[in-house]
Amino acid sequence: MTIAAASSRRTTTALLVGPAALFFLLLLILPLIVVVIYSFGERGPAGGYAPAFTFANYADLPSRGKAFLNTLTLAPLGTLLCVVIAYPLAYFLALKVSDRWRTLLLVLVIVPFWTSQLLRIYAWLLILGHKGIPSLLALIGFGEVRLVNTPFAVLVGMVYGYLPLMVFPIYVSLEKLDRRLIEASADLGANPWRTLWQVTLPLSLPGVATGSLLVLILLMGEFIIPAFLGGGKVFFIGNALVDLFLQSRNWPLGAAVSLGLVGIMLVTIVIYMRFVIGRGSERRMALM
Amino acid sequence: MSKFDDTSITARRFMQELRRYQKGSVSRRHFLGVTGLGLATAVLGSALPGLKPRSAQAAGNLGDTLNFTTWPNYFAQEDLDSFTKTTGVNINVSVFGSNEEMLAKLQAGGTGWDVFVPTNYTISTYKQLDIIEPLELAKLPAFDPSTHDPRFIGAGTVDGTIYAVPKDWGTTGYVVNTDKVKGDMTTWKQFWDRARGDLTDRVMVHDYQLTVIGNALKYFGYSFNSIDPKELAEAEKLLLDVKPHLFGINSDYQPSMRNGDAWVSMCWTGDAYQLHRDIPAMHYVIGTEGGEIWTDFYAIPKTAPHREAAYAFVNHMLTPEVNSKEVQAIGYPSTDAKTNALLPKKLLDDPILYPAKELLTNLEFGAAATLTNPARAELMNRFKSA
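Chains as they are written, first to last, in my numbering: chain A, 563 to 850; chain B, 95 to 480.
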């Protein structure tokens with residue numbers, strides 16, 4: 563290869579990678595650097611940021627422990643519930659429904675996304691509120707049941723809101739699944755449960771992993787659902803951040819808290835990738 | 095409903111419309127129109143600007159939009175509509191829960207707000223931070239300082255210059271659903287003690303440091319405005335103790351009070367008036383220990399994109415005929431004698447709007463220091479994330 567050709571190839575590469583690199587630099591790396599710098603600063607006299615170099619903000623992170631705890635328990639729990647509910651639905655859509663109905667049913671899964679998220683959460687506020695489900699429960703003999711402003715209500719809102727994001731990746735991985743493998747499994751004498759457990763499920767794990775990651779990351783940053791259905795009592799890191807930036811105006815502590823969340827997410831994601839995706843591809847290799 | 099057709103609905107707007115619909119003040123058709131169909135029209139409208147409705151009388155120099163930022167349940171749609179009708183200026187309303195939240199947005203910049211309604215204790219800070227502009231009174235002929243009660247309008251003037259003109263005044267107490275809550279409720283001590291006692295899971299407090307911390311301080315008989323570390327520490331202890339027993343923390347407490355989830359809530363004059371008007375069992379209490387008295391003002395940010403429309407709007411709202419309608423609709427008393435002259439006697443005698451003298455004497459205006467005091471800001475934050 564001549565030197566000229568090599569350099570022209572390098573130019574092409576630079577041109578192709580350039581836009582994406584610029585995008586990441588301007589919209590991810592630079593803002594993140596600002597956040598890191600802020601996290602070592604001090605609260606300004608009227609709020610905001612004042613330059614300083616202190617670790618006080620990081621030392622103060624435990625004061626938001628409850629918010630971290632809520633986020634780190636309810637977000638994974640919500641993700642898990644999404645998987646448990648979405649998997650049978652996706653399985654049904656991918657393997658059991660006739661082609662005629664499939665498109666319609668898939669559209670029905672997306673339809674809720676056409677309305678504002680706020681509207682759908684507000685609807686849950688009414689459903690779970692005093693005049694909703696609790697009044698029906700009272701009719702059949704339960705005493706005063708309170709559902710809104712509890713972790714349960716937040717969980718319901720989260721599962722409801724993010725279910726479609728779980729259904730689709732699982733659906734896609736099940737839909738691509740080679741049906742002959744299922745037949746082969748049956749031919750070799752496996753009962754349907756065993757086929758599901760040893761063939762279908764492992765092969766659809768990439769979909770489950772993608773969906774879970776998508777939902778988990780979004781749930782960890784969620785603040786609207788806990789704000790509405792938690793009523794200020796089920797506080798997420800997202801809510802703590804909104805408060806730190808928009809109420810108490812302590813930007814440095816806010817920056818530290820958000821970096822804390824970023825750190826936790828990174829660790830979670832790495833562990834998750836290792837376990838689920840790693841294992842999924844091993845299984846697939848073994849099957850091939 | 096032309097005013098709704100030109101912009102897509104914001105989340106806050108949606109919530110207001112939903113609330114209006116729930117309260118029965120608008121029809122179902124109106125609600126669907128502004129939420130679903132309004133959105134569709136907005137998409138069409140922005141694709142084809144020619145479809146945007148224009149008022150026949152549109153006054154050229156005012157533009158066609160005004161961004162108005164206010165509190166929940168704090169304006170009469172009728173009075174906004176009449177402004178749109180005479181000027182052709184469409185009003186986008188956004189609703190906030192606390193002055194601190196408004197300050198934070200303005201400090202961050204780029205709000206696009208034209209008019210907002212800060213409370214007395216914030217104005218001097220806004221002036222210091224160079225966020226609001228000194229008002230050109232020539233553009234506000236409806237505002238005549240001599241007809242306003244001087245007790246309420248002082249905070250709008252900083253160093254002899256008027257930066258804000260009064261919208262209304264009020265008090266901060268609590269509302270009690272007497273169908274559900276029996277027994278004496280007259281003090282803040284009872285409020286906090288019963289909140290963590292027999293009224294567990296039934297009491298709401300504002301999402302607002304000034305009133306939450308201030309009224310917790312009143313439990314111990316301290317000043318509503320205290321920034322003394324020792325007194326704040328006691329207030330924090332009380333708040334953290336009560337927190338698990340609260341129903342919720344929200345400055346928009348009417349929905350929960352109306353549907354029976356909450357039985358007691360920290361409450362402003364007008365919300366108490368609106369609740370009592372619709373549900374007579376709702377009683378308003380001003381703690382005998384004291385608490386807050388306040389004035390809200392109209393102010394114009396320096397960055398207001400529609401300055402002329404902002405002046406026209408404030409002037410419209412301060413016109414006694416409009417202002418008196420506003421008072422009757424939302425139930426906050428006016429500081430303006432000319433407006434009061436147009437109000438029915440029944441309203442002027444209403445004990446929610448005009449509490450007994452001996453209750454008022456213990457009340458305090460919020461102090462500027464509380465707005466920016468880091469100890470109070472942090473305390474509120476810890477209370478919420480506890």
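Careful: at least some of the hints might be erroneous.
[To be verified] Cross-link-like lysine-lysine pairs, in silico, DSSO-like; alpha carbons within 27 Å at most:
(1) A:K628 <-> B:K419
(2) B:K324 <-> A:K693
(3) B:K439 <-> B:K233
(4) B:K331 <-> A:K628
[Stated by the list, open to error] Among chain B residues calculated to face chain A with C-beta under 7 Å, some are:
(5) E195
(6) D295
(7) N344
(8) P414
(9) E415
(10) V416
(11) A469
(12) N475
Calculated directly from the structure, the hints in this document are not laboratory data.
Think of the CB as a built atom: it goes at the ideal place given N, C-alpha and C, for glycine as much as any other residue.
Status of the hints after comparison with the structure:
no.	hint	verdict
1	A:K628 <-> B:K419	46 Å, violated
2	B:K324 <-> A:K693	43 Å, violated
3	B:K439 <-> B:K233	31 Å, violated
4	B:K331 <-> A:K628	17 Å, holds
5	E195	5 Å, holds
6	D295	6 Å, holds
7	N344	6 Å, holds
8	P414	36 Å, violated
9	E415	35 Å, violated
10	V416	31 Å, violated
11	A469	10 Å, violated
12	N475	5 Å, holds
In this structure, the earlier hints numbered 1, 2, 3, 8, 9, 10, 11 are contradicted, and the remaining ones agree with it.
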